[in-house]
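A.B. asks: Just so you know, we're using the UniProt record's numbering here: the sequence shown kicks off at 1 and counts up by one.
Honestly, the hints are just simulated from the structure, not real lab data. Any given hint could be a false lead.
[Unchecked claim] So the derived label-pair ranges between C-beta atoms look like this:
no.	residue 1	residue 2	range
1	ARG499	SER94	57 to 65 Å
2	LYS120	SER407	45 to 53 Å
3	ARG234	VAL299	17 to 25 Å
4	LYS308	ALA379	32 to 40 Å
5	ARG234	SER407	47 to 55 Å
6	LYS120	GLU498	41 to 49 Å
7	VAL91	GLU449	51 to 59 Å
Beta carbons are placed, not taken as given, at the ideal position from N, Cα and C, and that holds for glycine.
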Amino acid sequence: MFLLYSRSKLFTPVVRRAWLVSRTFPVRKLPNVGSDKIVLSNFSLTPTKPDAFEFHDQNSSAQEAERLLTEPNASDSFEGRAGRALELLQVAVSQDSPRAKTLLGSMFREGLIVEQDRAKAERLFEEAAAEGDPVAQCSLGALQLDVLKQEKAAEIRDKVTHTEFAVDVDDKGEIRGRLQMEVEGLPMTDAPKPAELVRRVRKARRKAGFTDQESREYEEFVRREREGQLVEKRRIAMSWLEKAAEHGNDEAMVILGNEVLDDDPDRAIELYESAIRSGHNTDAYYNLGQIYTKGHGSVQPDPKIALKNFAMAAQLGDPSAQFYLGHLYRVGSREVGVDAASSRQYIELAAAQDHPGALYYLALMHRNGEAGLEKSDGAFLRYVREAANRDHGPAHICLAELYYTGSNGEEVDYTKALKHFLEAGRLGEAEALCSAAAMHFHGFGTPEEQHEAFLLYQRAAELGSVQALRNIGSMYFHGQGIPANKKLSEYFFRVAEERDSDNQKRDEIHLQTPVEKTDAPKHPMADIPRPDKEAEESTIVDDIAKHTTS
Numbered sequence: 001m002f003l004l005y006s007r008s009k010l011f012t013p014v015v016r017r018a019w020l021v022s023r024t025f026p027v028r029k030l031p032n033v034g035s036d037k038i039v040l041s042n043f044s045l046t047p048t049k050p051d052a053f054e055f056h057d058q059n060s061s062a063q064e065a066e067r068l069l070t071e072p073n074a075s076d077s078f079e080g081r082a083g084r085a086l087e088l089l090q091v092a093v094s095q096d097s098p099r100a101k102t103l104l105g106s107m108f109r110e111g112l113i114v115e116q117d118r119a120k121a122e123r124l125f126e127e128a129a130a131e132g133d134p135v136a137q138c139s140l141g142a143l144q145l146d147v148l149k150q151e152k153a154a155e156i157r158d159k160v161t162h163t164e165f166a167v168d169v170d171d172k173g174e175i176r177g178r179l180q181m182e183v184e185g186l187p188m189t190d191a192p193k194p195a196e197l198v199r200r201v202r203k204a205r206r207k208a209g210f211t212d213q214e215s216r217e218y219e220e221f222v223r224r225e226r227e228g229q230l231v232e233k234r235r236i237a238m239s240w241l242e243k244a245a246e247h248g249n250d251e252a253m254v255i256l257g258n259e260v261l262d263d264d265p266d267r268a269i270e271l272y273e274s275a276i277r278s279g280h281n282t283d284a285y286y287n288l289g290q291i292y293t294k295g296h297g298s299v300q301p302d303p304k305i306a307l308k309n310f311a312m313a314a315q316l317g318d319p320s321a322q323f324y325l326g327h328l329y330r331v332g333s334r335e336v337g338v339d340a341a342s343s344r345q346y347i348e349l350a351a352a353q354d355h356p357g358a359l360y361y362l363a364l365m366h367r368n369g370e371a372g373l374e375k376s377d378g379a380f381l382r383y384v385r386e387a388a389n390r391d392h393g394p395a396h397i398c399l400a401e402l403y404y405t406g407s408n409g410e411e412v413d414y415t416k417a418l419k420h421f422l423e424a425g426r427l428g429e430a431e432a433l434c435s436a437a438a439m440h441f442h443g444f445g446t447p448e449e450q451h452e453a454f455l456l457y458q459r460a461a462e463l464g465s466v467q468a469l470r471n472i473g474s475m476y477f478h479g480q481g482i483p484a485n486k487k488l489s490e491y492f493f494r495v496a497e498e499r500d501s502d503n504q505k506r507d508e509i510h511l512q513t514p515v516e517k518t519d520a521p522k523h524p525m526a527d528i529p530r531p532d533k534e535a536e537e538s539t540i541v542d543d544i545a546k547h548t549t550s
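Sequences are here, hints too, so could you generate the full structure?
C.D. replies: And the structure:
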């Protein structure tokens, strides 16, 4: 049967665990521990050090444009100021002002007033960077790294489409290539389709006179050429960041630290510390806090140093650090005891800066009447909606459950529930996609669509949902929304069992870490009919039965 599991506490909040970041565009995020992430404040055009390149650019139009873009508490609208700034910057660029080129490049990069055009932004950054502008050098390097990562993501998507996921050389349909996909971090996809694509490509190459060996050699040549190009592009991007760091740009130091963290954590720490000395960079404080919380590579955990850095970042107004400390004081650790008043203080500070996680925490605190806050369904719903409007996945899941169950004053509305599950899935919440798939499977809030359910289960499995893997296995077994395939059914149930075991081990490790102490929420799970052990007398069915849950 289809169900959304209930629990005594609706989405008890978990700490949105640390991602390393820098706010010079694009926001740099590198995961440290866990899969959750903190959403940082929006990018600002304000340079980290507004006078960083006054020494070579005194253009009055550029200065006035920057004032219009960055002045606080202005009486007129930001759109009006940005429009006037755009006119001034265009004049200043015609006068060859590096500062104007940097600011105008930022506007094209962000699509602020003008149509977003990253190629034009890159050209403007290149011109200003060549004239020695450290902010432009930093922005150029960051933009080039971001483009590289987008290209890599596209390459992975192509590889998923064409990979030999369920193909063997003899076209017997045996499963192969899965190990290589997992090694490269590629998501799973519908096995029969890429299998057919690979066969088609091979057939075309044979017609063109290529032998199988020549085809493989050509593919290897293309792969090596592509890798060489990516390495060179990354080298160029890193060189611009190095130049900016040499000029004292603390944002460049943070981005460089993020890029070298995995290979050389000691150098990353040096770069973060340099960024702190250069400009009291809040991201550098925050990233050091993350590194010392769990350790990284050769760097051992040191909770006291971690807490000190988080406290400095919070004092400087970083909403992510404030949110983290709010959580820490809520659950307690070896370094700090439970302190409801301090927890509320930090959560409210972060929420005042529209931190989505803090808004969601505040919603739950109002729902439960915690830390002296009034118990209020109205405040709970208001803050949950604010968090959801800022793309907070768990907030969308919370709203979806409210609409699905008709609780907290909301009427049952499956259409709205499905909408919020899909929004949460778009934001990376695997179990939300799993619930959306189940609603499609059973026709809740939408016509019954088994193939669409299958596709959604695939996306949920790619994001790590073990339940989705089981449901894919069940659909392959029964031939629901996809042609029946008992071998693939067996495979997906086996993978689900392996993943379930791995997740249990990770949970046991997390429970031993005081800073991770929390009542982790279980996202809504979806269930579809499982294969019956007596459906067939075969080893496949016997194996599937081992994975059947009630």
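A.B. asks: Can you name, in rising order, the numbers of the hints this structure does not satisfy?
C.D. replies: none
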